[in-house]
Amino acid sequence: MHYQKYRLIIPFLMPAILLYGVFVVWPYAQAIYISLTSWRGVSGNKPFVGLDNYQRLWLDERFHEALTRNGQLLVVLPLATIAIALTFAALFTQGSQQIRGAGFYRIVFFFPQIIPAVIVGILWSYIYTPNIGLLNGILRTIGLGDISTSWLTDPKTVLWAIAAVAIWSSIGFYMVIFLASMQSIPTSFYEAAILDGATRWTSFKDITFPLIWETIRTSVIYLAIAALDFFILIVVISGGSTTTTARRAEVAAIYLYNQAFDSSRWGYASAIGVVLLILTLFLSLGIMRATRRETYEF
Amino acid sequence: MNVDVIRTGDQARPATGAQLAGARLGFGGLTFSAVSQLLLAFWTIVVIFPFAWMIVTALKTDPEILSSPWTLPAALQWDNFSRAWTEARIGRFFVNTAIVLAGSLAGTLLVSSMAAYVLARFTFPGRQVLFYGFIAGLMFPVFLALVPLYFLVNDLNLLATYQGLILVYIAYSLPFTIFFLTAFFKTLPVELGEAAILDGANQYQIFFQIMLPLAKPGLIAMGIFNFLGQWNQFLLPLVLMPSEDKYLLSQGLYFLAVQQGYQNDYGALFAAMVITMVPTLIVYILFQRRLESGLTAGALKG
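Heads up: the protein sequence lines correspond to chains A and B, in order. Quick note: the first sequence uses the working numbering, first residue 1, plus one each step. Quick note: the second sequence uses the working numbering, first residue 1001, plus one each step.
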């Protein structure tokens, strides 16, 4: 009677375990193995080379450049996105009058998140085009025509132009999350603070901010991981993984894709992947520890 | 709990704590409001304008597009859309995407709910390991698995097939969906199941006839979430669906754009983008609230 439950448990779990095991777990495990070979895609010929690929990566200038770009994104993406999203969320909740249309703004700001990345990428690649593009058109119209440039071919601006698109599309998402978090703070806290003479700024700094810290922390981690895994937007905006734009904005994931699918260096590409994976894990753990604080129960 | 109320104009609404604070801190209230409204309105424009521009551009002729970003179409070029649908084959890609999504959405929901149900309501050795094993999938970057996944699917003779892509879609949707549905199933009352057993029902009947219908809100939220995610999926079809005939919308659109250098039909390209965007737009506007509450619940817990 007691073990009868297994007659349900096993068939119910099987499909999930099978699919997940075969298509998710096994490829990841294989990727790690392939990174230890110098496989070029020829079936059956996977020469084992141990940590050779990793040694080469360590000395690979191009990989270092790519990682540096990831590093820059790592600093800018979370900072900019969270700062702006937090500001917007605060505008809704810190004002003395109910901001009209809060529901409307939430729907609209969240919008870019649900649009396929491909559309966002293609659209912005046209916005950034020098002559017929929207951005330069706007700049010229408001008299700032001098700053207009070829945003996507200028090596100095290309990575940031693409990063701006990422920030633009994710602000709504984080704003919604922060809003939800802020709205769960009880009014009594603010009332007590006012009695003690708090201003709008100090009530934000000393009440709102600490109490939504967990949410901010989770957001930092999501964004940091996104900075390391940054890939699709670059490929789509650049029009391919082998174009000059892609090369000038090459981050680690692009380099991986390029080595795997354009150069058939599967072993080397997998090594890049494993390095990225390890970096992601350490980064997440690092951020979690560094941002640990006493949790406030309320 | 006392819910304080603010009166703004003729409306009275429950206030958030911060708003109350703001109300009593009167000074600068009006400027703050004004500046806030300005900033929010500005951002609304920044968000919507690119899409509005895209729609307008989709209705222009190519010479109009190439002359300036600001020209308005002299006449609405609806045939950009029909060209996109037929010549640019967006119609074909749309159908392909619909086929794959029908399979993968149904599959994801079924497989996930079965697994989540068991994980939520039964204890057995290895339960925790399994659960965290599924969750771990959320942390791993997809492109690491792309390389071996390609060869695996190929070896299984599933490359360039609808079935293959469907199975892979389901597999990669499992982590989040199981995570969400497990939490959901935990909230369903135990007594219902027990009552049903007393009435002679077996476990299968309990699941399919009682629990699953009760789980509808969660299933709908996950259905919407997965619809959006899978409709927008780009990497997996890019790698696993190399035959142009069966391209999905995202990769079809991508190749269309890349080809523009040679074919110069910008109108059709923009029309194709609008077409691709429409289903997600509709689903989003219709189900926005449910989606939002589902997602924020997950983020708040995590």
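Think of the hints as simulated: they come from the structure by calculation, not from any bench. Incorrect hints may appear among the rest.
Unchecked claim - Straight-line alpha carbon distances no greater than 25 angstroms define the calculated DSS-like cross-link-like pairs of lysine-lysine that follow: (1) LYS5(A) x LYS1186(B); (2) LYS1186(B) x LYS1216(B); (3) LYS1216(B) x LYS5(A).
As the list claims (entries may be wrong) - Each pair of labels, with its calculated beta carbon distance range: (4) ILE1210(B) x ALA29(A): 17 to 27 angstroms; (5) ARG247(A) x ASN1154(B): 45 to 55 angstroms; (6) LEU279(A) x GLY1229(B): 48 to 58 angstroms; (7) ASN1157(B) x GLN183(A): 31 to 41 angstroms.
Claimed, not checked - Over 10 angstroms on every C-beta distance to chain B, these chain A residues come out as not near it, computed from the model: (8) PHE12; (9) GLN30; (10) VAL76; (11) ILE287.
Note that this is a predicted model, so its numbers are computed, not measured. Even glycine gets a Cβ: it sits at the ideal position worked out from N, Cα and C.
Results for each hint:
{"no.": "1", "hint": "LYS5(A) x LYS1186(B)", "result": "holds (17 angstroms)"}
{"no.": "2", "hint": "LYS1186(B) x LYS1216(B)", "result": "holds (14 angstroms)"}
{"no.": "3", "hint": "LYS1216(B) x LYS5(A)", "result": "holds (24 angstroms)"}
{"no.": "4", "hint": "ILE1210(B) x ALA29(A): 17 to 27 angstroms", "result": "violated (39 angstroms)"}
{"no.": "5", "hint": "ARG247(A) x ASN1154(B): 45 to 55 angstroms", "result": "violated (29 angstroms)"}
{"no.": "6", "hint": "LEU279(A) x GLY1229(B): 48 to 58 angstroms", "result": "violated (25 angstroms)"}
{"no.": "7", "hint": "ASN1157(B) x GLN183(A): 31 to 41 angstroms", "result": "violated (52 angstroms)"}
{"no.": "8", "hint": "PHE12", "result": "violated (4 angstroms)"}
{"no.": "9", "hint": "GLN30", "result": "violated (4 angstroms)"}
{"no.": "10", "hint": "VAL76", "result": "holds (18 angstroms)"}
{"no.": "11", "hint": "ILE287", "result": "holds (13 angstroms)"}
In the structure shown, a violation is registered for the earlier hints numbered 4, 5, 6, 7, 8 and 9, in ascending order.
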